[in-house]
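Trainee: Here is what each chain is made of, one letter per residue.
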Amino acid sequence: MIIAEQKPLREILNIIDKDKKLLVIGCGACVSICFAGGEKETKSLADGLFLGAKKEGLELSIETDMALRQCEWEFVEPLEDRVKKADAVISTACGVGVQTMAEKYPEAKIIPGLNTTSMGMPVEQGVWKEYCGGCGDCVLAFTGGLCPVARCAKSLLNGPCGGSKDGICEIGRDTECVWQLIYDRLKGQDRLELIMGNVLAKNWEPARDGGPRRTLRTDLLIRGEKDEEQK
Amino acid sequence: MVSNERNTKVKITPEEHLAPCMAACPVITDARKYVSLIARQKYDEALRYIMENNPFPASIGRVCVHPCESACRRGQIDEAISICSLKRFVDDQIGGDYKPEKARTTKEKSIAIIGSGPSGLTAAYDLAHLGYRVSVFEKHEKAGGMLRYGILDYRLPQDDLDKDIANILGVGIELKTGTEIGKDITFSDIQKDNDAVLIAVGLSISRGLPLPGADLDGIHFALPFLEAVNNKTYGKIGDDVIVIGGGNVAVDVARTVRRLGSASVKMVCLESRDEMPAHDWEIEDALQEGVEIHCSFGPHRIIGIDGQVGGLEFKEVDCVFDEDGRFNPKFHPTNKTEISGDAVIFAIGQGSDIDFLNGSKVDTNDRGQLDLDINSMQTSSSNVFASGEIAYGPGAAIQAIASGHRAARSIDHFLETGRPLGDEESKKIGLSEIPKRTKELIESSKRQVMPTIDAGERLRDFKEVDVGFSIDTAVREAQRCLSCGAGASVNKDKCIACLTCVRVCPYEVPKIVGVVANIDPVGCQSCGICGAECPAEAIEVKLTKEHLIDSRLVEIEENFKKSSGKKAIGFICQYGQMWASERLWQVEGNLPGNVEIIDALCLGRISVNMILGAFKAGADKVYLMPCNSGKCHNKTGNKLALQKAEFVKELLSSIGYVDDALQVRPLDFGTHLIGTAEEVLKN
Numbered sequence: 001m002i003i004a005e006q007k008p009l010r011e012i013l014n015i016i017d018k019d020k021k022l023l024v025i026g027c028g029a030c031v032s033i034c035f036a037g038g039e040k041e042t043k044s045l046a047d048g049l050f051l052g053a054k055k056e057g058l059e060l061s062i063e064t065d066m067a068l069r070q071c072e073w074e075f076v077e078p079l080e081d082r083v084k085k086a087d088a089v090i091s092t093a094c095g096v097g098v099q100t101m102a103e104k105y106p107e108a109k110i111i112p113g114l115n116t117t118s119m120g121m122p123v124e125q126g127v128w129k130e131y132c133g134g135c136g137d138c139v140l141a142f143t144g145g146l147c148p149v150a151r152c153a154k155s156l157l158n159g160p161c162g163g164s165k166d167g168i169c170e171i172g173r174d175t176e177c178v179w180q181l182i183y184d185r186l187k188g189q190d191r192l193e194l195i196m197g198n199v200l201a202k203n204w205e206p207a208r209d210g211g212p213r214r215t216l217r218t219d220l221l222i223r224g225e226k227d228e229e230q231k
Numbered sequence: 232m233v234s235n236e237r238n239t240k241v242k243i244t245p246e247e248h249l250a251p252c253m254a255a256c257p258v259i260t261d262a263r264k265y266v267s268l269i270a271r272q273k274y275d276e277a278l279r280y281i282m283e284n285n286p287f288p289a290s291i292g293r294v295c296v297h298p299c300e301s302a303c304r305r306g307q308i309d310e311a312i313s314i315c316s317l318k319r320f321v322d323d324q325i326g327g328d329y330k331p332e333k334a335r336t337t338k339e340k341s342i343a344i345i346g347s348g349p350s351g352l353t354a355a356y357d358l359a360h361l362g363y364r365v366s367v368f369e370k371h372e373k374a375g376g377m378l379r380y381g382i383l384d385y386r387l388p389q390d391d392l393d394k395d396i397a398n399i400l401g402v403g404i405e406l407k408t409g410t411e412i413g414k415d416i417t418f419s420d421i422q423k424d425n426d427a428v429l430i431a432v433g434l435s436i437s438r439g440l441p442l443p444g445a446d447l448d449g450i451h452f453a454l455p456f457l458e459a460v461n462n463k464t465y466g467k468i469g470d471d472v473i474v475i476g477g478g479n480v481a482v483d484v485a486r487t488v489r490r491l492g493s494a495s496v497k498m499v500c501l502e503s504r505d506e507m508p509a510h511d512w513e514i515e516d517a518l519q520e521g522v523e524i525h526c527s528f529g530p531h532r533i534i535g536i537d538g539q540v541g542g543l544e545f546k547e548v549d550c551v552f553d554e555d556g557r558f559n560p561k562f563h564p565t566n567k568t569e570i571s572g573d574a575v576i577f578a579i580g581q582g583s584d585i586d587f588l589n590g591s592k593v594d595t596n597d598r599g600q601l602d603l604d605i606n607s608m609q610t611s612s613s614n615v616f617a618s619g620e621i622a623y624g625p626g627a628a629i630q631a632i633a634s635g636h637r638a639a640r641s642i643d644h645f646l647e648t649g650r651p652l653g654d655e656e657s658k659k660i661g662l663s664e665i666p667k668r669t670k671e672l673i674e675s676s677k678r679q680v681m682p683t684i685d686a687g688e689r690l691r692d693f694k695e696v697d698v699g700f701s702i703d704t705a706v707r708e709a710q711r712c713l714s715c716g717a718g719a720s721v722n723k724d725k726c727i728a729c730l731t732c733v734r735v736c737p738y739e740v741p742k743i744v745g746v747v748a749n750i751d752p753v754g755c756q757s758c759g760i761c762g763a764e765c766p767a768e769a770i771e772v773k774l775t776k777e778h779l780i781d782s783r784l785v786e787i788e789e790n791f792k793k794s795s796g797k798k799a800i801g802f803i804c805q806y807g808q809m810w811a812s813e814r815l816w817q818v819e820g821n822l823p824g825n826v827e828i829i830d831a832l833c834l835g836r837i838s839v840n841m842i843l844g845a846f847k848a849g850a851d852k853v854y855l856m857p858c859n860s861g862k863c864h865n866k867t868g869n870k871l872a873l874q875k876a877e878f879v880k881e882l883l884s885s886i887g888y889v890d891d892a893l894q895v896r897p898l899d900f901g902t903h904l905i906g907t908a909e910e911v912l913k914n
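Residue numbers (the working numbering), protein chains in the order written: chain A, 1 to 231; chain B, 232 to 914.
Take the hints with a grain of salt, since some may be wrong.
[Unchecked claim] Which chain B residues stay away from chain A? Per the calculated CB distances, all over 10 Å, these:
no., residue
1, V258
2, D415
3, G444
4, P508
5, E513
6, T565
7, D573
8, P666
9, R734
10, L779
11, V818
12, G844
13, S885
[As the list claims (entries may be wrong)] What follows is a list of derived Cβ distance ranges for each label pair:
no., chain 1, residue 1, chain 2, residue 2, range
14, A, T117, B, S884, 18 to 28 Å
15, B, E647, A, D87, 50 to 60 Å
16, A, K21, B, S884, 21 to 31 Å
17, B, G745, A, S61, 31 to 41 Å
18, B, D309, A, C132, 47 to 57 Å
19, A, R82, B, D724, 41 to 51 Å
Because the hints were derived from the structure by calculation, they are not lab data.
Ideal Cβ positions, reconstructed from N, Cα and C, are used throughout, including at glycine.
Start from the sequences, fold in the hints, and give me the full structure.
Mentor: Take a look at the structure:
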């Protein structure tokens with residue numbers, strides 16, 4: 001799932017500037033699960049903004065609403081009336097949701113309420129870790145199911161660097177060296193041969209290096225098949 | 232003030248999970264609810280829930296047979312909650328004046344009720360609230376029936392019964408005491424003058440046994456004896472008294488005899504100790520007071536000496552009940568014993584006195600009992616109804632009250648529709664046994680025992696034996712309640728199966744079933760933590776909702792608008808405040824004017840949004856008073872509250888709030904609630 005966290009209230013307050021009527025739109029998907037933009041966090045963000053503005057002598061009128069998934073046209077469509085009435089809309093979705101709102105409502109001032117950080121998982125209540133780098137060419141079959149692209153600070157594919165000490169990455173105590181984990185796991189499985197050979201240079205084109213990615217399933221297309229295929 | 236809007240017909244929806252105490256109660260009292268209000272020291276509200284289905288809180292709080300306690304699931308962990316004593320405690324706190332609102336007479340029809348016991352007065356109370364004109368006829372000088380004349384002051388002081396009756400009559404019921412039907416006024420006149428008549432005369436005649444010697448001097452009967460003692464027209468009847476019977480009335484008689492100064496009182500009953508129909512706690516009290524109990528003996532002959540009772544000969548009982556469980560005593564052919572005694576009191580059962588119906592169209596069966604439809608409680612004369620013991624046979628006062636409610640509903644139904652009330656049996660299903668794993672996770676806590684006066688001291692007079700709970704004891708006892716059925720429910724449309732509830736529940740109850748969370752009410756301990764944590768706001772916790780925090784904040788906001796100066800709101804853990812040097816109830820009214828307290832049974836149920844809501848309501852300072860770490864009733868409630876405080880502090884500091892805008896003041900031994908409030912305001 002996509003992990004995000006709320007932007008500092010001060011930053012949002014600076015962005016909203018003189019807007020008085022705000023609409024905060026939450027998302028019921030990933031950001032709900034990571035306690036960043038679900039129904040409860042949307043309300044607490046609204047309350048925080050209200051209190052922050054009040055401290056500066058401003059009386060904001062803030063409403064909140066939810067989209068089941070803010071990254072879908074259909075789910076943001078019912079918000080039209082409320083969006084139109086607001087001076088600014090704060091989206092507490094990931095960056096995808098914010099853009100969905102901005103594209104759906106090109107006239108509206110859409111403000112991100114969150115910083116989207118990664119793709120990962122809640123490893124325990126209150127702790128989320130990045131697990132996937134979205135590189136477009138998955139290597140997990142050869143690394144014991146542990147992703148060096150996302151979980152190695154340098155995205156190294158040929159083993160650890162000299163910054164790995166006692167299984168911890170040099171960037172900080174909270175970060176395990178994923179290459180140590182890969183080694184330990186494959187050793188445990190007696191499959192160390194998987195990482196003993198030379199790894200060819202990774203083709204980073206399916207990742208961001210090839211430009212913004214677009215995924216197509218022609219068998220699913222309903223409208224403008226030809227156009228899509230030609231693109 | 233007790234509202235007029237009473238629930239005379241308890242509605243239970245099939246999907247509702249009833250607390251077992253509620254399901255076990257004949258009048259379906261929501262004991263769980265009033266107990267949790269006592270746990271929060273909100274006695275007025277507690278009384279409102281007690282009185283929703285029971286107009287005799289002071290009396291029933293003293294004499295109830297409390298089937299609720301037998302059903303209480305706390306008993307599966309350690310011991311049941313002292314529900315009955317807590318009911319009495321509420322009455323003690325309120326002081327007996329419930330300020331009943333006058334019922335409005337909205338109907339032309341009038342109803343006469345014969346008998347002013349618990350059943351008759353309950354029906355009168357309900358019918359008055361339903362808008363009828365109600366007159367109650369009582370042959371004795373005072374109202375109360377068996378509660379008045381069958382129970383002595385040591386269990387139910389007359390003053391307490393008087394309070395209940397005054398409150399009942401206060402709604403606008405006419406009571407005619409000293410009026411015996413068939414003597415002072417005929418039944419046909421009553422029937423003619425009213426649209427319906429309810430016979431609620433109870434079973435007022437004590438039965439005897441046709442034993443040899445039953446005509447000797449020194450033979451007495453339970454009910455006339457108790458009534459005479461109550462009226463102070465009877466004193467000591469002997470030095471060595473034999474009470475025949477093993478039920479609650481027999482125990483009452485024996486204990487009364489002891490108080491009248493008889494040195495020796497022997498109860499003789501057919502049943503073995505385990506089979507005795509009297510309640511264990513009654514028997515225990517009797518034994519403490521020096522009553523001897525001779526079980527498994529059947530009276531054979533009363534021994535006479537010069538025309539006076541000299542003792543009793545009895546036969547040994549082989550068995551009391553037959554294979555089908557029916558009462559069918561079998562005696563040993565030869566084994567007989569004698570005991571000495573100078574008086575015998577029969578306490579073996581009661582019968583009805585309905586001679587006043589002779590010549591009326593109200594039929595009786597061949598055993599002299601009223602011919603009754605069990606659903607409508609209607610007699611053969613369509614506008615004549617019966618309730619209480621006369622209708623159903625001997626039973627507890629709370630059963631008589633339940634019967635009074637039903638009679639009122641039936642009479643109203645009949646007068647409104649012309650048809651008899653049908654079967655309205657609702658399925659009362661209490662929550663089943665607590666799952667094993669959850670049981671392991673619930674802390675054990677000792678039941679608070681009702682303090683009593685010493686057994687020796689008791690016998691000096693008829694002073695009430697039960698002293699009553701102190702506030703501290705009652706609140707601690709109420710806080711043992713597991714709040715069955717007041718827990719979490721998941722809104723399946725909002726649940727995102729995020730697993731938060733599964734992870735945070737200290738009792739390991741929530742599970743993901745299919746694509747949404749399921750929180751089984753059988754295991755849920757109503758701690759409220761999942762509700763406070765759920766990011767999708769998909770969980771509603773009944774007990775948290777009952778805390779009315781949102782409406783309290785609205786109310787506080789209005790109060791704050793009227794005052795100037797610094798303002799503060801404190802969230803206090805009700806469990807933790809038992810450690811403080813003073814209790815919330817003691818400081819109410821003495822807190823600084825601009826400090827408002829919101830209490831909760833565990834601060835684990837307080838969400839970030841509630842804390843922010845306190846600032847929105849106008850507080851300059853907000854403070855949390857969780858219990859001291861390590862003592863949390865719900866294991867992690869205080870930890871989560873402390874973490875939330877840190878989170879909100881950071882958030883507030885980012886928008887210009889001073890560092891101490893949100894403070895944590897854990898409750899510990901000696902914490903001063905007023906002092907803390909003053910400090911919070913000052914800083």
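Trainee: Output the numbers, in ascending order, of every earlier hint that fails for this structure.
Mentor: Violated hints: 9, 12, 13, 19; rest satisfied.
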